Amino acid sequence: MSAESERAERLTELRQKFGRKPLAPGEETIPHSPREAQPKFRGLDSGHRACQGCGEALAARLVMESAGPDVMIANATGCLEVFTTPWPQSAWRVPWVHSLFENAAAVASGMEAAMKAQGKNTKVLAFGGDGGTYDIGFQALSGMLERYHNVLYVCYDNEAYMNTGIQRSSSTPHSATTTTSPAGKERMGKRHLKKDLLSIIAAHHIPYAASASVAFPADLQRKVRYAMGIDGPTFLVIHSPCPLGWKHASALTIQVARRAVECGLFPLVEIERGALTNVMPIRDVRPVTDYLSIQGRFSHLMDTEDTRAEEERAHLQALADYNIQVFSLQGDGEDPVDTGGSAAVGRSGHAARRA
Amino acid sequence: MLKALEGSQAIARAVALCRPDVVAAYPITPQTHIVENLSRLVADGEMHTEFVSVESEFSAASVVLGAAAAGSRAYTATASQGVLLMAEVLFNIAGMRIPLVMTVANRAVSAPLSIWNDHSDSMAVRDSGWIQLHAADNQEAVDTTIQAFRIAQETELPVMVCMDGFILTHTLEPIELPAQSAVDGWLPPYQFSRKLDPGDPKSLGTLVAPDFFAEVRHSHHAAMIKALDVIEEIDREWHAFTGRRCGGLLEVTGDPDAKIGILAMGSTFGTIETGMEHAGPDTGSARLLKLRAYRPFPAEALRKAAEGLDHLIVIDRAISPGMGGIVGTEVAAVLADVPGAPRIHNHALGLGGRDIPETIYADLMATISDPDAPAFSVFDADPEKLDPEDR
Amino acid sequence: MIEYRIHGRGGQGSVAAAYLLATTAFHAGQMCQAFPSFGAERRGAPVTAFVRTDEKPIRLRAQVRAPHYLIIQDGTLLQDAGITAGLRPGGGMIVNTTLPSEEIAERFGCRALSVRATEMAVEAIGRPIPNTALLAAFLSATGLFPIDSLNAALRDRFTGDMLERNIGLVDQAAKTVERDIWKEPANA
Amino acid sequence: MVSMTRGAYAKPGTSLDFKTGNWRSTEMPAHIHAKAPCHAACPAGEDQQAWFAKLQEGHAEAAWAELVRANPLPAITGRVCPHPCEGACNRAALDGALAIHNVERWLGDEAIRNGWDYPVAAPRANAPEVGIVGAGPAGISAAYHCLRHGLRATIYEASPEAGGLLRAAIPQTRLPRAPLDAELSRVLALPGITLNLRTRLGRDVSLEELRHNHPAVLLAPGCQASTAWSVDGAVPADLREGLHMLKDFVDHGALPEAERVVVHGGGNTAMDLCRLLKRSGSKQVTLITASGLPGPDTDPSDEINVVPRELEEALEEGIEIIDHATINRLIMKGSRVTGVEIMSLRKLPGRDGRSHRIGFEGTERVVAVDMVIPCIGERVEPQGLSGLVERGYLRPSDRFGRLNEGELFALGDARGDRGTVAAAIGDGALAASAVARHLAGEADPVVDDRPEMPNAGLNLTYYDHLPRAEAPKLSVEERTFDTEIEGDIGRVAAMAEAERCLSCGNCLACDNCWTFCPDNAVIKTVELALDGSHYLFDLDYCKGCGLCAHECPTGFIQMLPNANGATEGAV
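Chains S, L, G and U are the protein sequences, given in the same order. Under my numbering, the first residue of the first sequence is numbered 317, with each subsequent residue one higher. Under my numbering, the first residue of the second sequence is numbered 3, with each subsequent residue one higher. Under my numbering, the first residue of the third sequence is numbered 2, with each subsequent residue one higher. Under my numbering, the first residue of the fourth sequence is numbered 10, with each subsequent residue one higher.
It is worth saying that the hints were derived from the structure and are not from the lab. Treat the hints loosely; a few may be bogus.
Unchecked claim - Here are the simulated lysine to aspartate or glutamate pairs, EDC-like style, with alpha carbons at most 20 Å apart:
| no. | chain 1 | residue 1 | chain 2 | residue 2 |
| --- | --- | --- | --- | --- |
| 1 | U | Lys20 | S | Asp386 |
| 2 | S | Lys436 | L | Asp202 |
| 3 | S | Lys356 | U | Asp520 |
| 4 | U | Lys482 | U | Glu319 |
| 5 | U | Lys20 | L | Glu217 |
| 6 | U | Lys20 | L | Asp199 |
| 7 | G | Lys57 | L | Glu156 |
| 8 | U | Lys20 | L | Glu279 |
| 9 | S | Lys432 | L | Asp213 |
| 10 | U | Lys20 | S | Glu462 |
| 11 | L | Lys5 | G | Asp157 |
| 12 | G | Lys57 | L | Asp213 |
| 13 | U | Lys20 | L | Asp202 |
| 14 | U | Lys256 | U | Glu321 |
| 15 | S | Lys432 | L | Glu279 |
| 16 | L | Lys197 | S | Asp386 |
| 17 | S | Lys563 | U | Glu36 |
| 18 | U | Lys287 | U | Glu321 |
| 19 | L | Lys228 | L | Glu156 |
| 20 | U | Lys20 | L | Glu90 |
| 21 | G | Lys184 | G | Asp55 |
| 22 | S | Lys436 | L | Asp199 |
| 23 | U | Lys342 | U | Asp190 |
| 24 | L | Lys5 | G | Glu124 |
| 25 | L | Lys5 | G | Glu103 |
| 26 | S | Lys356 | U | Glu312 |
| 27 | U | Lys28 | S | Glu352 |
| 28 | L | Lys5 | G | Glu104 |
| 29 | S | Lys432 | S | Asp451 |
Computed from a predicted structure; not experimentally measured.
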C-alpha cells in the first residue's frame with residue numbers, strides 16, 4: 317500500500333471515528349490521530365472506569381500531565397487503582413504499581429531507593445486516596461517523609477472511603493453523612509472533625525507540602541511542577557469531589573470543588589519546611605451554605621426547622637472562618653499581576669497559565 | 003575460607019556477597035543481629051546498598067517490593083510478629099511474582115509473648131505463595147541465602163529462607179563464606195522482566211475479575227511446582243561450584259534400611275542425628291528425612307524417601323490448633339495414596355523455644371512401640387504443668 | 002566433644018565469652034559451637050551461654066545440660082546452689098571471685114578455680130568485663146587450647162589498643178593460675 | 010482470547026480498548042453556537058462576538074474585516090448607532106456592558122487611517138447590475154453587499170452628495186464630516202459600484218426605466234415628506250417641523266431663537282434638536298415624550314429610542330425630559346403658542362391584546378413655552394414611486410424588503426418600521442442577499458433562527474471583574490456646535506474592551522473542556538473541529554457527565570439528548 321493511500325485510509329478512519337465524511341485522498345493531511353497528537357502528556361488515558369464526573373480521575377489526569385513521562389507510580393488501593401487497571405487493561409502510560417491500601421508510600425520508598433541505587437533520575441510518585449493517606453497508610457507515609465525519600469506523594473482527597481461505598485474516613489468533614497456516619501435522630505452525620513493532615517505532614521519539616529483543588533487546575537499543575545523539581549519528599553493533597561459520595565450531579569464536580577475553596581473550608585496553601593509560604597486568596601468569600609447546599613451529604617443541615625442543623629451550619633461556618641483567619645485567605649485586594657484565586661479564562665486558556 | 007561466625011553475622015555477609023541494591027528491614031528479635039550486621043557493613047563501606055531503615059516490617063516488605071519491581075535486587079529479614087505484620091505484603095509480592103529474598107529468623111507468634119524459636123511465623127504465611135526453604139545449620143543458611151537470589155530470579159517467585167531463631171541466628175560456629183568473586187561469577191545481575199521502566203511502562207498489581215483470577219492462581223501454583231526442579235538444580239550447581247550442598251528439596255540420611263523414619267525441618271534435624279548417634283543399641287536406628295523445601299512441597303521426593311518405611315515420625319515446630327501438626331498433616335496427605343505407605347506419627351515439639359535435647363530421638367522412637375501413643379501430640383508438653391482440665 | 006556452660010549477668014559479656022571460647026577452639030583447629038540461652042534478660046540479670054568444642058562437626062543444637070566445665074563470670078552467682086546442675090563428675094568450675102578456690106570447691110563438691118578477673122580487667126582494659134581474664138586462666142589451667150588461639154580469637158574481635166590491652170590481660174591472667182592444673186580431662 | 014500475563018500485569022494505555030462512550034445514558038455534549046445577544050440585537054446583523062474574538066487575538070484588521078462582513082460603515086455607526094448590542098450585552102449584569110460602539114468606531118477609524126481594504130473582490134464585468142435608489146446608509150449598504158455577492162450596483166441619488174440622513178440631519182457633534190466622508194467614499198469607490206448623483210426618481214429617472222435596466226431594484230429613498238402636525242387642529246403660525254429644522258442647521262448652521270422650547274418626540278432628531286437649542290441659548294428646553302426613560306418602571310419596548318449616551322449628555326446639559334407624557338392642548342395667544350398642556354400616559358395592553366397609549370385624566374399641567382417643535386417623524390416622498398406608498402411608507406411583504414414578485418425591494422427608513430442607521434444597513438444586506446440568491450436561481454437565504462445565549466447560559470466564574478473602558482468626552486462647557494463630543498477610545502482601551510467580551514455562545518478556545526474532562530474525551534484539534542472551535546468530543550469515551558458543558562464559560566457546550574453512535578463535534 318502506498319504511503320498516499322495509507323494516509324487517505326487513515327484519514328477516512330479518523331473521519332469516521334469523529335463522525336465526519338471521508339475526504340478524498342490528499343485533501344487533508346493529518347500526521348497522527350488527533351488523540352495521539354494532543355499537546356499534553358496523557359499519563360492517564362481514556363477508557364478508565366471512573367464514574368461520570370469523577371474528581372479523582374480528573375485530578376490524576378492533571379497531575380500526570382504536569383509530572384510528565386519520566387515518572388513511576390506507586391498507587392494505593394482505592395477507586396483510582398480499581399478504575400484504571402481492570403486487567404488486562406490499564407489507563408496508565410507510565411510505569412505503575414499497585415500493591416496494597418496502606419503501603420503506597422513504602423512501595424514508593426523502595427522504588428526511589430532502587431532509582432538511587434541504579435543512579436537514575438526517574439521521579440517516583442505515590443498516589444493514595446484519603447483513606448490510604450489520612451488513615452491506614454498514614455504510618456508508611458510518615459516513615460517515607462522522615463526518611464526523606466525523593467517522592468511526590470499525592471493524596472486525592474474525596475473525604476470518604478468511596479471505593480467501598482462511602483464510609484467515613486478521618487478526612488470526612490464534620491457533619492457530613494456517610495454510610496458509617498449517617499444522619500439520624502440522634503446524630504448529625506460525622507461527629508468528628510476533618511483531620512488537619514497537612515499540618516501533620518508539614519511537621520515533618522519536608523521541603524514542600526501543599527493543598528490543591530481540581531477547580532483550580534492551573535494552580536494544581538503549578539504545584540505539581542514545583543514539587544517535581546524538588547529533590548526530597550513533597551506532598552500534595554488535592555480536593556477531588558466524588559459525585560457519588562458527595563451526592564451532587566456529575567456536572568457539578570468543579571463547581572462543588574470551587575465553592576469548597578471559596579468558602580474557606582478547603583484552603584489552598586503551600587507550606588515549605590513547615591512554614592506557610594503561599595495561599596490562594598479567596599476573591600469573594602462565599603458562605604459555607606453555598607457549598608453545603610449543593611451536596612446531598614449535607615442535606616440534613618439544610619433543614620431550616622431543625623435547630624441542630626442550624627448549629628452544625630454555624631459550626632462549619634466557624635471552621636471556614638477559622639481557616640480564612642489562620643491562613644489569611646482574604647487577599648490584599650486586586651493586583652493585576654496576581655492571578656491567585658482567579659479562575660478566569662481567555663482566548664488562550666486560563667489566565668494564570670497565560671500570565 | 004572457614005570462619006567462626008555468629009549465624010546472623012554470616013547471613014549478613016552472605017547477603018552482602020549477593021550485592022543487593024536495596025535492603026529494608028525493621029529490627030525484631032531474633033532477626034535483629036542480621037539487620038545490625040547489615041547496617042554495620044553499610045556503615046563501614048563494605049556493602050554498597052540503599053539501606054532503608056523503615057518504620058515497620060510492613061513497610062520493610064513494601065519497600066523491597068517497590069525496589070524489586072523497579073528493577074533492583076532487594077532483601078529483607080524479619081521474624082514472628084514481623085512476618086505477620088508483613089503478611090498482607092507477602093501475599094502481594096508473591097501474587098505479583100516479584101523475585102525477592104527474605105530471611106525469616108523463625109520465632110513463635112504471640113500471645114502469649116514468646117521471643118523464642120518455633121515455626122509458627124513462616125507457617126502462618128505458608129499459603130502466601132512464597133518459596134520456603136529451611137536451613138538446618140548456619141552453613142546451609144548462608145548457602146541457601148545465596149542460592150535463593152538465583153532461585154527467585156529464575157522462577158520470578160519470592161524466596162523465604164527460614165532459619166531457627168536464636169538456635170541458628172545466635173549461634174557461632176565455623177562457616178565457609180564464598181569469595182566475592184565466586185558469588186559474582188555464580189549469581190547473575192538482577193533482572194526482572196516486568197520491571198517498572200518509563201521506556202516500557204507496564205502496570206503491575208491490576209484488578210483481576212473472577213473470569214481470570216483462577217488462571218492467575220493456577221499459573222502461580224504451576225510456577226511453584228516448576229520451581230521444585232529449579233531448587234534442586236541450583237543446589238546441585240552450588241554443590242559443583244562449592245563442594246557443599248544443602249540437601250536439595252529433601253535429604254535422606256541415617257539408616258537407609260530402617261523401617262522407621264523421622265522427618266524434621268530446620269535445626270532440629272541435627273539434634274535428631276546426634277541423638278541417633280548417641281542412642282543405645284536398644285533404641286534402634288532410623289532413616290532421617292531433612293525437609294528443606296517446604297514450599298513448594300516436594301511430594302515426589304517424599305514418596306521416594308518414604309519407600310519401605312513402616313513408620314514415619316514427623317516433627318512439627320508449629321501447631322495448627324484444632325488440627326495438630328502442619329507438616330505431619332501434609333506428609334500424611336502426600337503419602338495417603340501410596341500403597342504400603344508408612345504410618346504417620348506426628349508430634350509438635352520445641353514450641354516457643356522449648357529446648358530439644360538429644361534424648362528426644364530415643365523418646366520418639368519409643369512411641370512407635372507404644373500402642374497408646376496418639377497420632378499427634380505436643381510431645382514435650384509436661385502434663386504436670388497443665389491445669390487439670392487441660393491435660 | 003567438650004561442653005561448657007557460662008554463667009554471668011547481663012552486661013558482663015557472657016555471650017561474648019562463649020563466642021570467644023568457641024572461636025579460640027576454632028583457631029586451635031577444633032569445631033565449635035556457641036550460643037546464649039536466648040533470654041529476654043536485661044542488664045544485671047543472670048544469663049547463661051553454652052559452648053561445645055569437638056574434633057568433628059557439631060550437629061547437636063540442644064542446650065548444654067551436662068557441661069564438662071562451668072565458667073562463672075560473677076562470684077555472686079554462687080549464691081544459687083543449682084548453678085552446678087549437670088556438671089559432669091570430675092568437671093570443674095572457674096569463677097571470677099575473690100573467694101579462695103578451696104572454699105568454692107568444698108561448697109560445691111567439685112574442682113574449682115578462683116580468678117580475680119574483674120580486678121585484672123579493670124586494671125588492663127578499664128572496664129569490669131571479666132571474660133578475657135577468666136578464659137585466659139581457664140585455658141592456662143586446662144591446657145585445652147593454646148593461649149595463642151585465644152589471642153587469635155581476640156584479634157577477630159578487637160583491634161588496636163583494645164586488642165593490645167586484651168592480649169596483655171590474657172598474658173597476665175594466664176599466669177595467675179597454675180599451668181595445666183586441670184590437664185586431665187573431666188569424665189566424659 | 011487473551012491469556013493471563015505473569016503476575017497479571019497490563020500494558021500501557023490498553024484501557025483505550027474499553028469504550029466508555031456507551032456509559033452515556035441520557036445526554037451527550039455538543040457544540041451549540043448560539044447567537045451572542047449583541048449579535049441578536051444588532052439591526053445591521055453584525056456579529057460583534059465574532060469580531061471581538063479577532064481583536065482578542067490581537068488582530069485589529071481581521072476584526073474590522075469580520076465586522077464589515079455585515080456593516081461597511083463602522084466609523085459611522087460607531088458614532089451614531091444607539092447600540093442595542095450594548096443593551097443586550099450579557100456583561101451588563103456583571104460589570105457593565107462592553108463599549109461596543111467605541112471599539113466599532115475605533116476599528117472604523119483605524120481602517121480609514123490605515124487604508125485597510127474591504128474584503129470584497131471586484132465583480133465580473135458582466136455581473137448582473139442591481140439598481141439602488143438612494144445613497145443613504147441603506148442604499149450604500151445594499152450596494153456594498155451586492156459586491157459581496159458578486160453583483161454590480163448602480164445607485165441613483167437625488168442629492169448632490171451621498172450620505173442621506175447621515176449627512177443631512179446629524180450634527181457634527183455626533184458625526185463629524187471627516188469620518189463620514191472618508192468612510193462613504195471608501196465604500197463608494199469600490200469597483201463595481203456606480204453612483205449617479207443629482208438623479209431624482211420620478212424626475213430624472215423613472216422606476217420603470219430602472220426596473221427595465223436592472224434585474225432587481227432596491228428602493229432606499231428615506232423619508233423626506235413632513236407629517237402634518239397639530240393639536241386638536243391648532244397649529245402655531247411659526248411651527249417648524251424638527252427634522253427640517255435640524256437639516257437647516259446642518260446645512261446652514263441656522264437655529265431659531267426662543268427662550269423656552271418644548272420639543273415633542275422621542276427619537277434622536279428630537280434629542281439632537283433639544284441639545285442644539287440649549288447650546289444656542291435657549292434657557293429652557295423640554296422634551297416631551299410618550300416613551301419612558303430607561304429605568305425599572307419602563308418596559309424596554311417602551312424606552313425612548315435614542316442613543317443612551319446622548320440621553321445622558323442631554324441630561325448633563327440641562328435638558329428637561331418629561332417622559333410618559335403627551336401634549337394635550339396648545340395654549341395660544343393669537344397664532345403664537347405660549348404654553349402647552351401636557352398629560353401623563355402609559356402604554357398599556359388593551360382588550361384587543363395590543364398595546365395602546367392611555368392618557369390619565371387629572372394629570373394635566375401647563376408648561377409655559379415660546380415655541381413647540383414637533384419631531385414626530387416623516388413619510389416617504391411619493392414622487393416616482395407610482396402608487397407603491399401605502400399609508401406613508403413602502404411596506405414590504407417579507408424580511409428581505411420585497412415589495413412584489415418583480416424583485417423590487419424597500420430598504421431603510423422608507424419602510425416606516427426602521428429608524429436607525431444600523432437597521433438601514435441591515436436592510437441593505439438582507440435585500441442584497443435575497444437578490445443574489447434569486448439571480449442565482451436559488452431560494453431566499455435561510456433565516457438564522459439560532460437561539461440567543463442568555464446570561465444564565467454562561468458560567469461567569471471564568472471572567473474576572475474588569476471595568477468598562479470609557480472614551481473621553483467633552484465636558485458640558487467645552488461642547489460646541491461642531492466639535493465631536495465623544496472622543497476616540499484608543500487602541501489600548503479597545504484591546505482591553507475586547508478582553509472583556511464573554512464570547513457568549515461561541516467557543517473561546519479557553520481549554521476548559523479539554524482541561525476538565527476526567528475522561529480525556531475532549532480532543533484538541535483545530536484541523537478536525539470544523540465548527541470554528543478547537544475541540545472535538547471523542548464520543549467513544551465521553552461518559553456524558555456534563556462537566557464540560559457546566560464549565561464552558563460561553564455556553565458553547567450544551568448537553569443534548571444522547572444520540573446513537575458517533576456524532577460530530579458540532580451538532
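* If you check each hint against the structure, which ones fail? -> As far as the earlier hints go, 7, 8, 9, 10, 12, 14, 15, 20, 23, 24, 25, 26, 28 and 29 are violated by this structure, in ascending order.
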